[in-house]
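Chains as they are written, first to last, in the working numbering: chain A, 750 to 1223; chain B, 750 to 1223.
If you are wondering where the hints come from, they were derived from the structure by calculation, not from laboratory data. One or more hints might be untrue.
Heads up, the list lumps identical chains together, so a pair's fine if it works in one copy or across two of them.
[What the hints assert, rightly or not] Taking lysine-lysine and the BS3-like style, the derived pairs with C-alpha atoms no more than 27 Å apart in a straight line are:
#1 K984 with K789
#2 K1198 with K1155
#3 K1058 with K1138
#4 K1198 with K1156
#5 K1048 with K1058
#6 K984 with K944
#7 K1138 with K1155
#8 K1155 with K1058
#9 K1068 with K1198
#10 K789 with K1138
#11 K1198 with K921
#12 K921 with K944
There are 2 protein chains.
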Amino acid sequence: MARKASIIGGGVIGGGWAARFLLNGWDVSVFDTDPEAERKIGEVIANARRSLPALYDKALPAEGRLSFHTDLAEAVSGADWVQESVPERLDLKHRVLGALCEAAPATAVIGSSTSGFKPSELNEKGARAVVAHPFNPVYLLPLVELVGAASETDRAAEILRSIGMFPLIVRKEIDAHIADRLLEAVWRESLWLVKDGVATTAEIDEAIRMGFGLRWAQMGLFETYRIAGGEAGMKHFMAQFGPCLQWPWTKLMDVPEFNDDLVDLIAGQSDAQSGHLSIRELERLRDDNLVGMMRALRKSGSGAGGVLKAHEATFAEPKGATLPVTVERQVPTSWTDYNGHMNETHYLEAGAQATDRFMEIIGADAAYVAAGRSYFTVESHVRFLDEVKAGERLRVTTQVLGGEGKKMHLFHRLERGDGALAATVETLLLHMDLTARRSSEPAPDIAAKLAEFTAAHAGLPRPEGAGRHVGQRA
Amino acid sequence: MARKASIIGGGVIGGGWAARFLLNGWDVSVFDTDPEAERKIGEVIANARRSLPALYDKALPAEGRLSFHTDLAEAVSGADWVQESVPERLDLKHRVLGALCEAAPATAVIGSSTSGFKPSELNEKGARAVVAHPFNPVYLLPLVELVGAASETDRAAEILRSIGMFPLIVRKEIDAHIADRLLEAVWRESLWLVKDGVATTAEIDEAIRMGFGLRWAQMGLFETYRIAGGEAGMKHFMAQFGPCLQWPWTKLMDVPEFNDDLVDLIAGQSDAQSGHLSIRELERLRDDNLVGMMRALRKSGSGAGGVLKAHEATFAEPKGATLPVTVERQVPTSWTDYNGHMNETHYLEAGAQATDRFMEIIGADAAYVAAGRSYFTVESHVRFLDEVKAGERLRVTTQVLGGEGKKMHLFHRLERGDGALAATVETLLLHMDLTARRSSEPAPDIAAKLAEFTAAHAGLPRPEGAGRHVGQRA
Chain A
750 MARKASIIGG
760 GVIGGGWAAR
770 FLLNGWDVSV
780 FDTDPEAERK
790 IGEVIANARR
800 SLPALYDKAL
810 PAEGRLSFHT
820 DLAEAVSGAD
830 WVQESVPERL
840 DLKHRVLGAL
850 CEAAPATAVI
860 GSSTSGFKPS
870 ELNEKGARAV
880 VAHPFNPVYL
890 LPLVELVGAA
900 SETDRAAEIL
910 RSIGMFPLIV
920 RKEIDAHIAD
930 RLLEAVWRES
940 LWLVKDGVAT
950 TAEIDEAIRM
960 GFGLRWAQMG
970 LFETYRIAGG
980 EAGMKHFMAQ
990 FGPCLQWPWT
1000 KLMDVPEFND
1010 DLVDLIAGQS
1020 DAQSGHLSIR
1030 ELERLRDDNL
1040 VGMMRALRKS
1050 GSGAGGVLKA
1060 HEATFAEPKG
1070 ATLPVTVERQ
1080 VPTSWTDYNG
1090 HMNETHYLEA
1100 GAQATDRFME
1110 IIGADAAYVA
1120 AGRSYFTVES
1130 HVRFLDEVKA
1140 GERLRVTTQV
1150 LGGEGKKMHL
1160 FHRLERGDGA
1170 LAATVETLLL
1180 HMDLTARRSS
1190 EPAPDIAAKL
1200 AEFTAAHAGL
1210 PRPEGAGRHV
1220 GQRA
Chain B
750 MARKASIIGG
760 GVIGGGWAAR
770 FLLNGWDVSV
780 FDTDPEAERK
790 IGEVIANARR
800 SLPALYDKAL
810 PAEGRLSFHT
820 DLAEAVSGAD
830 WVQESVPERL
840 DLKHRVLGAL
850 CEAAPATAVI
860 GSSTSGFKPS
870 ELNEKGARAV
880 VAHPFNPVYL
890 LPLVELVGAA
900 SETDRAAEIL
910 RSIGMFPLIV
920 RKEIDAHIAD
930 RLLEAVWRES
940 LWLVKDGVAT
950 TAEIDEAIRM
960 GFGLRWAQMG
970 LFETYRIAGG
980 EAGMKHFMAQ
990 FGPCLQWPWT
1000 KLMDVPEFND
1010 DLVDLIAGQS
1020 DAQSGHLSIR
1030 ELERLRDDNL
1040 VGMMRALRKS
1050 GSGAGGVLKA
1060 HEATFAEPKG
1070 ATLPVTVERQ
1080 VPTSWTDYNG
1090 HMNETHYLEA
1100 GAQATDRFME
1110 IIGADAAYVA
1120 AGRSYFTVES
1130 HVRFLDEVKA
1140 GERLRVTTQV
1150 LGGEGKKMHL
1160 FHRLERGDGA
1170 LAATVETLLL
1180 HMDLTARRSS
1190 EPAPDIAAKL
1200 AEFTAAHAGL
1210 PRPEGAGRHV
1220 GQRA
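Let the hints inform the model, and build the full structure from the sequences given.
As C-alpha cells, then:
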C-alpha cells in the first residue's frame, strides 16, 4: 500500500513537498483553506512533472493519489508524514502544530518547513515537531535541514532519502539553521551594495553566477578553498585569507534601513533585469537549468549527482512479458533539439542504455567490466519512425537476433508512452578483453545466459526493419 | 600575427591567466623568478588543456607560443595585455606595477588580479593599472571584475570577451569589489558556525551544494528570490524576508579570533572531508564538474552557457580540400563511458553535428528552421571502427551520396586527431514542413545548393561501408 503524506499549507513550499512525495509514489493529502490552493498546488505539480522525472535514466514509481481537504483530521488520517508549511509566525505555528499532533497518527513524522524557528520554540506548547526545512524548488533541490531529537530526525532522514532528498541533520539547534545564516549574510551585504549604488541586482547576480555560483553547485565553500590553497593546502589558504577578516571591507555590522525607497529600488532593478519573463517562465528556465546541471553531476557523483544515482538505484527494474524491458524512462528537455523533438543522438542513447541493461541481465555488469571484460558496439542501424517530445515516457524492449561466440546481435524497439513505435535500433557487439583491447570469448556463465536468450528468441518472428541498409526500399 | 599576453607572477592565478590566453591562440610570456614557476604553470596549463576545449562543440584556435622569462623588459616587450598576479601587498604591487608601466608598450592593457585593492590605491604612485580580478579556475570561470577608468575598462572588456570571459565592469571602486564582499560575508559566518561547533566544514559544504549553490550557478541571488516571491513578485518577497534582517540570527558583527586553534579546527575538518583526494584530483573533479554544468547551461544560454555560445560563434569554421569539414572539436570527458572511451551515443552526436553544419552550409540554417522548414533524419547506420579517448580531436568530413527532391543522403567520416578513421555515419534525411509535420520539397535555393554538392561529389568513389546492413560480411 502506498504511504501517505499530508501537506498542511499550500503555497510554493507546500506545493513542492506535495509534488516530491506524489511523484515518488506516495499518496498526498493537502489541507489548505485557501480556495485557490488546488490551482496553485496544481501549477507546482505541473512544473515538477516536467522536470523531476527528467533527472533519472529510469522511470519513477507510478504517482500516488492526490486529494484536497478543508478538514484537518480527515487530511492527516493515516498519514506517515505530516508537513507544516504555514507562514512564519510563532503563534500560528503553535496552533497548527498543536492541532496536528492531536489529529495525526502517533507514528507519523510531524515536520515543519520553518526557516527561522528552532524545535524548542516550535514545541514549547507541547508539540513534537521536527524542523524539516527544504529549499525551493522542493521537488528538485535535495537539501532538507533536519533539526530535533535524534530519534525523530533519524527516522525522518530515512524517509527523506527514500524520496530522493538529502537530509542534513543539524546537531545543535540555532536560529535559521545553517544555510539561511549564510544566505542572510549575502542578502544583507547585497542590499548594501544596491543601496549604495555600487552594483545593480543584475550585476550582483552576474558576479555570483559567472563565478563562485558555479563552484558552489558542486563543491562547497571549504572544499573550493582547499583547492585554492594549492599544494600547500588548507592551512596555507587560511593564513592568506584569515587576516582579511580584520579589514573593513563589508558593512555587515550595520542593518540597512528597510524602507519603501529600498524596496522600490530593488524591485525596480529586478523588473529591469528579469521582467521580460513571467514567473512561470523563470521557473521553467530555472528547472531546466537545474535538471541539466544535476544530470551533469551524475557523471562524477558530486553533490546532487550522487544523490540522484543513489535514489535511482532503488527504483524497480521494469519487467516485460515476452521480451525483456531494458529501458523505461522519461525524456528530459535537454534531449530535444531545434526541431522541437528528441534529437537523433538520444534515440541511440536510449538504445545504448538498453544494451547496457541487457548486458547487466546476462551478467556482463559493472563488476565484469571492472574485472577487465566488456562488449563493444561495432555497428548500429537506427530507424527514426516517429517523433518523441520532452516529458514523454520511453520504453525499450530488446530481442536477441544472435549470440554465438564473441558476437551479440540485438534489436531494440523504442516505444512511446502511447504505445507508438518511435524507433528501432539494431546493433552488433563484440566481446572484448579490455587489457589487450582485442576481441575475446565471453566468460562461460555470460555465454550460457546469452545462449538462453538466443534460444528463447529464436522462435520469434524476425523484426521488421532488421538487416536494412540506409535508403533501402521498404 | 598572434597577440601577446605577459603574465607577471606564476602561481594558480597567473597560471590560469596564462592558460586562458594561450588556449585562445595568444602568445604568452611568463615572468616569475621562482625556479618552480615553469613546473607550476605547466600543471595549470595541463589542467586547462583537458577541460577548456571540452566546453565547446568547435575547436579552439591553435595554441599560441609559451615562453618563460626572468627579465621583465623582455617578458613584456610587444605585449597587448600585461597581467600582474603577485601577492596582495600594496608596496609590492606599487613596485611591480611601476616597473610594468615603464617597460610595457604604452598601448598595452595593464591588469592587476588584486582581490582587495582599489585602482586608486594601485595607481597612487603613478601606475595606470586597471583591476582585472578573475576567479579560480581562471581558464574555466568566465567572471572578471574590471575596475578603473572607463576608457581602459571598455578596451579591456573587449579583449576579455574575445578570450571567452565575462567582464563585469564595477562602476564605483570599493574595497574587495563585488564578489569578494559576498564571499567574505559567507566565509565569516561559516567560521563562526565551525568555531561554535554548530556545523563541520563538510556539513556547511553540503548545506551549500545540495541547495542554494545549484540555484546560484544559473541565476543569482535576486532572480532566484524573485521566483520565490511567486506570482506576487519581488515586492512580496522583500516584505517577507526584509524584517528578518532585524533578527539576531547572524554573528556578522563580530570577527572570530583568528588563532591557531581555529586554523587547526578548520584544517582538521577539511582533511577529514576531502583529504582522501589530492589537490590535483580535486582540481580535476572540480573541472569535470564545471565543464559538465557549463555544457548543460549552453542549452538555455543562462549565465556561463550564454558566454560559451557567444564565444564559440567567433571561432573560425574549418575548411577541407575535397570534402567539407563539418565538425572539428575536442572530445569532452563527459562523452566517455565505463569502457574508458567515447560512448557510441556521441559518435552519432558528432555525426548529427556534422549534419547540422552541412544543413547550414546549404542554407537550411536556424533562420530556415525558424521559418518552418527543416530536415529530419529517418535512418542512420554507424560503423564503430576505432576507439576515441577524452581530450582527442575529432574531425568530420561529409560526402553527399544523394540529394534529389525531399531526400538528402549523407556519409560522414569521423577522423581522430592522429588521422585514424574512428567511425562512419551514413544517414538519410527527409525535408519537412514543420507545421504540417509532413515531408515537403526544400526551398529552391536550398535544393540548388544541395544539387551542386551532389553533382560535385558524384565523381568521388563510393565510400567503403556505404549501403552496409548490420552484421553484413565485409
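Results of checking the hints against the structure:
{"no.": "1", "hint": "K984 with K789", "result": "between (50 Å within a copy, 19 Å between copies)"}
{"no.": "2", "hint": "K1198 with K1155", "result": "within (13 Å within a copy, 45 Å between copies)"}
{"no.": "3", "hint": "K1058 with K1138", "result": "both (24 Å within a copy, 24 Å between copies)"}
{"no.": "4", "hint": "K1198 with K1156", "result": "within (13 Å within a copy, 43 Å between copies)"}
{"no.": "5", "hint": "K1048 with K1058", "result": "both (9 Å within a copy, 23 Å between copies)"}
{"no.": "6", "hint": "K984 with K944", "result": "between (36 Å within a copy, 16 Å between copies)"}
{"no.": "7", "hint": "K1138 with K1155", "result": "between (37 Å within a copy, 24 Å between copies)"}
{"no.": "8", "hint": "K1155 with K1058", "result": "neither (31 Å within a copy, 44 Å between copies)"}
{"no.": "9", "hint": "K1068 with K1198", "result": "within (17 Å within a copy, 50 Å between copies)"}
{"no.": "10", "hint": "K789 with K1138", "result": "within (26 Å within a copy, 49 Å between copies)"}
{"no.": "11", "hint": "K1198 with K921", "result": "neither (54 Å within a copy, 71 Å between copies)"}
{"no.": "12", "hint": "K921 with K944", "result": "between (35 Å within a copy, 13 Å between copies)"}
Hint compliance for this structure: hints 8 and 11 are not met, and every other hint is.
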